[in-house]
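There are 2 protein chains.
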Amino acid sequence: MNEDDDVLLIDDDVAEPSSENTGIQAGDELYKIKNEFESLNYEIVQNRIRQDELRRHNKTSSTTKELERWLICFFIGALTGAIGVVITVSIEALSGLKQKWLNNLFHPREVESHVSSFVPVLVWCWLDTSFVLISGLMCAFLAPVAAGSGIPQIKCFLNGVRFPKVIRLKTLIVKVLGIILAVSGGLVCGKEGPMVHAGAVLAGGISQGNSLSLGITTSIFEHFRDDHEKRDFVAAGAAAGVSAAFGAPVGGVLFALEEAASFWNQPLTWRIFFCSMTSFMSLNYGLTAMKTDLQFGNFSAVGLLNFGKFDNSMWYYYELPLFVLMGVIGGLLGACFVQLNKVITINRIHLRPSRLAKTLETGCIALLSTCAYIVMLYVNPYCRDETEDGPAGSAISMKEFQHLRMNCGPHQYNTMSLLSFGTPETAVKAMFHEPYDFFHSTTLLIFLPIYWLLACLTYGISVPSGLFVPALLCGATWGRLVHILMATICGVEKISDPSVYALVGAAAGLAGTVRMTLSLCVIIIEATGNLTLALPITAVLITSKAVGDLFNKGIYDTHIHLWGVPILEWEPPPNSELIKATGIMSKPVVGFRSVETVRNLYNELASSNHQHNGFPVTDANNGDYQGLVLRSHILLILKNRLFYDPSRPQDLLSLTELRSAYPRYFSVSETGIEEVDMDKLVDLRPYINKSVHMLTVESTLESIFRLFRALGLRHAVVVDKALKPIGIVTRKDIARFRAENEAVHRIPIDEFRQSHVYYD
Amino acid sequence: MNEDDDVLLIDDDVAEPSSENTGIQAGDELYKIKNEFESLNYEIVQNRIRQDELRRHNKTSSTTKELERWLICFFIGALTGAIGVVITVSIEALSGLKQKWLNNLFHPREVESHVSSFVPVLVWCWLDTSFVLISGLMCAFLAPVAAGSGIPQIKCFLNGVRFPKVIRLKTLIVKVLGIILAVSGGLVCGKEGPMVHAGAVLAGGISQGNSLSLGITTSIFEHFRDDHEKRDFVAAGAAAGVSAAFGAPVGGVLFALEEAASFWNQPLTWRIFFCSMTSFMSLNYGLTAMKTDLQFGNFSAVGLLNFGKFDNSMWYYYELPLFVLMGVIGGLLGACFVQLNKVITINRIHLRPSRLAKTLETGCIALLSTCAYIVMLYVNPYCRDETEDGPAGSAISMKEFQHLRMNCGPHQYNTMSLLSFGTPETAVKAMFHEPYDFFHSTTLLIFLPIYWLLACLTYGISVPSGLFVPALLCGATWGRLVHILMATICGVEKISDPSVYALVGAAAGLAGTVRMTLSLCVIIIEATGNLTLALPITAVLITSKAVGDLFNKGIYDTHIHLWGVPILEWEPPPNSELIKATGIMSKPVVGFRSVETVRNLYNELASSNHQHNGFPVTDANNGDYQGLVLRSHILLILKNRLFYDPSRPQDLLSLTELRSAYPRYFSVSETGIEEVDMDKLVDLRPYINKSVHMLTVESTLESIFRLFRALGLRHAVVVDKALKPIGIVTRKDIARFRAENEAVHRIPIDEFRQSHVYYD
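Here the protein sequences line up with chains L and E, keeping their order. Numbering-wise, the working numbering comes out as the position in the first sequence, counting from 1, plus 42. Numbering-wise, the working numbering comes out as the position in the second sequence, counting from 1, plus 42.
Extracted from the complex, chain L is given alone in its bound form:
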């Protein structure tokens, strides 16, 4: 194999059947293949097994399977919604307590004058740091993969790359607890990205009917234990997560489709939508039942992140060029954000911190954030009078408004409280809905750069942290600044409401950072519940993404590329129609003969030169290419000691055996093969998947790319004119071509890979 194979290796890291040549799908199939060159014995065995299969198949007929799929989707949706309720209620409770305590410390009831702020500042710093430290500890030591938003990991998973430990119960628990603590601890992060991850993990767990972490294995849903089915359910789970996070069921479906990025399948889409809708309903019933101030079953308080009602949202057609300009600003700011975060992330990795160091880093950043909040509060000179419903002129009720007086007079509030004391969700709402003159431009100008830098610093540390809310909040802040500027120039009555500007800014900020397109647009439209703003939002998103794309990739894709994960993009690399299969394939081919010695099998599987999942098999007599056999099948054959004995019918692996080990396969040394077995033979013929796609020396990279992309392939064999395998093209080879071609961070990838920082 190519010598720099270790640069992009994750594909073959986990012994796992691909979706096309899937273990189980192929397993279903291979028993049915009538091999005309086989002996009669063979026929008999295979017939027996085929009848067995048929009986099984009738037992769990396709209608039952379909009903079960719907049932699973219902549970995924319901539980994702429930997790959303848990997260929301916990954060509100925890940060509510924290705020109440701090408020009492800063402004004790009995003393109406200024008191020393030393104690409350200390308590605040201590609280935040310890919340975040706990979150960081859990994350670093229990589930490092739970760090960050989880969206890039899910994106990789849906793209067809197994990211180890992403879909695990432990990851889910760390993610949920971690995000509650991180948000309550005042970190600059949102809970929306982690919701998507949570939904995906739930989907992975429920659909498999077992939990290897808990040691529970049931026989229910066992027919869904293959990569293809699991991926479909995980897509549904991700959709349910988005749906619960933003109150956007359609946006959730589009998110799953945009990221899953395979073939649009009507029944699947329909199921994903059902799941997404269930999650939306579950969250809403849950929230309205838990929160006493909401009417049960009233769906106006939709989503974890509630944008609130946009009633006063007329805009003027002459503002459209301005909105496009705001899109440009959003794109530029987003590109800066990504670039800065990339530099920080690369440096963070070059230091190769220990787990403890990573935990301490989270604590430091928490401390830094809290100090920044406190400084902002003290620096901000703008106050508002206190009334029964919150600050005078505020659109936000007392209940939601987290108030601090700080340097303001009695019966006044510091306007910065809305931005830096409550949860980021409250701040977003304040940006969207507070009237024109509520925030002074100085307040916003103090807040924006500090918050932006904190967000940039925070994304990538070892705690669960979403990026949506910080991006929205920064965008909304400069959106309001643009509004203030325009109002000064043109007069406030000639331009639209500040809420429109804040929303446009938020959309631009988000699109410039994450670079999602249709799903983001629909998410924002659904979250605002207003189609009138659809055109400016669309225009802004298009501009912002286009401008950002001129400079770099989106934040998720940037991180994925830094990890060196071989995901396939939307379109083939440029000039790929000029490149032939021979130019990208790996050679020589590691393959087996149709009847092979145990020694050869063992040695190749144990080889450290490669970690292939599929091996081409050639005819033992004439060397003709027969098809592919999977690593997992060979492992199971060896473990079950199904050696070839020409004198009697061969025992074959049963479907149950094939499924039992999914998805955590063992290594070849665990098969219990000893030296005495080494010269025995194994007959691979019944396990060959013969209906595989062949490439010729004339196949262009372009057509290979489209084949892999559309069918979710992982490997295909290149044959010469005599049908002899001369090379193998893997997903990695295609991804590597692009990486080399575009010279993306050769060295960092390599180091990332060796440091195993994200997926050890």
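Simulated from the structure, these hints should not be mistaken for laboratory data. Don't take every hint at face value.
Unchecked claim - Pairs of lysine-lysine, BS3-like flavour, derived with a Cα cap of 27 Å: (1) Lys333/L x Lys207/L; (2) Lys681/E x Lys207/E; (3) Lys763/L x Lys766/E; (4) Lys681/E x Lys766/L; (5) Lys629/E x Lys763/L.
Position chain E against the provided structure of chain L, taking the given hints into account.
For chain E alone, coordinates are given in the frame of chain L:
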């Protein structure tokens, strides 16, 4: 080839490059292919041409192309919106005049008592019949393909099947004029389906930068003249049509994706959404500018079919089982509708009517409809008092309410007027928004069966006619009946508003008939502008589609199957993993050698046994399979007399020549080849697409299906172990397999095919 080849033939009917082995895409590619076995001469020629290509390529670089695509999408959207405005305003003007005249005739101002209704009834019948007759005449004689909703035709087009003459300017004009006359003439049909078709035609026309019908050929956008690009634009046009028809930009995108059904491509989807959004905005600005009663730029009056505001739309959770039951009713009624319409359509075709007969049929049905309306009006005994704003207690204003007194007293109106005198859109709105006691159950019970039968009879006659509105109206009618029933049983205050029941019924009716899923759901949610009803609507749509699918296919698919069009479904046919390529391929292969005589080429192209578009080419020396060559390329070679002369470098076709003839290729007899040329040679080597997907004898139908479906292939060659082509699998072969397996209408398909009724 197989003898029943003519059963499913449309695929190969039009000499047209496929999307995978596209003429132009392959053309782009083939010049770049470095054929290592070729002589030096060849190299020189190819290098020259490659540089030529490169220069061209730089001229229209990919960025320019991308910008042009966005520009085209903008124009498609803007013009589709404009056509929506034209249709709406024309229908309102025309039917407004008709209604005013009839109203004056029925109730002349000077006479306050009953007058003879003989004259007005006659005028009504005469008006309606003549409107529809004109529409039918245009349709039957000018563009038979403009009949019906156009959605099935667009579905076929997007599925990869060329439906002749669907994307033509003439078709568009007939469609627009025809639907205006048909709706004004009181036919039971809607204008929404035709809007989708109109958008698609516009897209086809604009993106090609020329109109062969008008004889205009420009050089702009010439690089978009291939099937693949055109299909993408047509998808955008269809989305724009849905967006304009229902005020549902997201629904439009989902419709295009659900029907286009290929591979989800992020940049494409994003463009489609932009197009859809432009159409929505264009329609709204147009409508608000044209209609004096609307505020310019106010987007509450969205879409051609305005569902109105659903403000009072709380529902109770205990109603959910009832809604599911309504879904069952919708599914059953829909299945009956499809079955009845199928029988009618088959009989209609068996009679093999002439064009004149088809025109007369439209007149008869118009007359029948009008008579039915008049009878319903006379039979309905329920009247309402007249007030300034329309009937007392009505939610619909005087402006929209088309009133007739008929058998009612002075200063009263017949409640049936709302249903059978105005446009169907008014009737739908009345169903959705009139208060609980507005319609008496008897009125609805009279209206429902008659309207249902008329709708069933109308769909399939030779006028442009959409099915959405009739299906919605029937559904809403029985939805209200269910509400009345429930109100009688439980009391009106314990159940939700009649508007909710009407909407649920409408959704059930529509889903039971057309069986669309996600896009329909989003369309309804967007048209109502209310997420509260999302859950019941989803539940109802799922049930209704599932129940309907137990009995038959949706109305569009039924018609497509009756036409014998080989579209590919979502999933491979059952048990397809047991079927090998050898079981479905056509053989012997019609192929050529790499250097072939003109005689052989001419004879095969002129052969009436087949109409293949792609031919496998084998090496002239050793018979090895080389790749595919396209019919269109061979035709152009022959026409340009580019014969093989070993003594000098060969002239090659230029890209411009390859594009010039797209999409209407000529027949082989028009190439001007004479007997003296017959023994000359043609060198096909530069035109071979070598990067094609090969199938082996071991390929299963399942994997072949997925390959064709995902990549939009039209043909693939099956090779044996020595790489010799032994058969060819076309889209038709796959579709035929399913048809034969499920025994769908062998005889009718055959006769349809021969009668050329839909696509002559």
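Hint check results:
For the suggested pair Lys333/L and Lys207/L, the alpha carbons sit about 35 Å apart, so the restraint of at most 27 Å is broken. Distance hint between Lys681/E and Lys207/E is fulfilled; the C-alpha atoms sit about 24 Å from each other, no more than 27 Å. Using a Cα cut-off of 27 Å, the hinted pair Lys763/L and Lys766/E holds, with the two alpha carbons roughly 10 Å apart. Simply put, Lys681/E and Lys766/L have alpha-carbon atoms about 41 Å apart, too far for the 27 Å limit, and the pair is violated.
At most 27 Å may separate the alpha-carbon atoms for a hinted pair to count; Lys629/E and Lys763/L meet this at roughly 22 Å.
Hint check: violations occur at hints 1 and 4; the rest are consistent with the structure.
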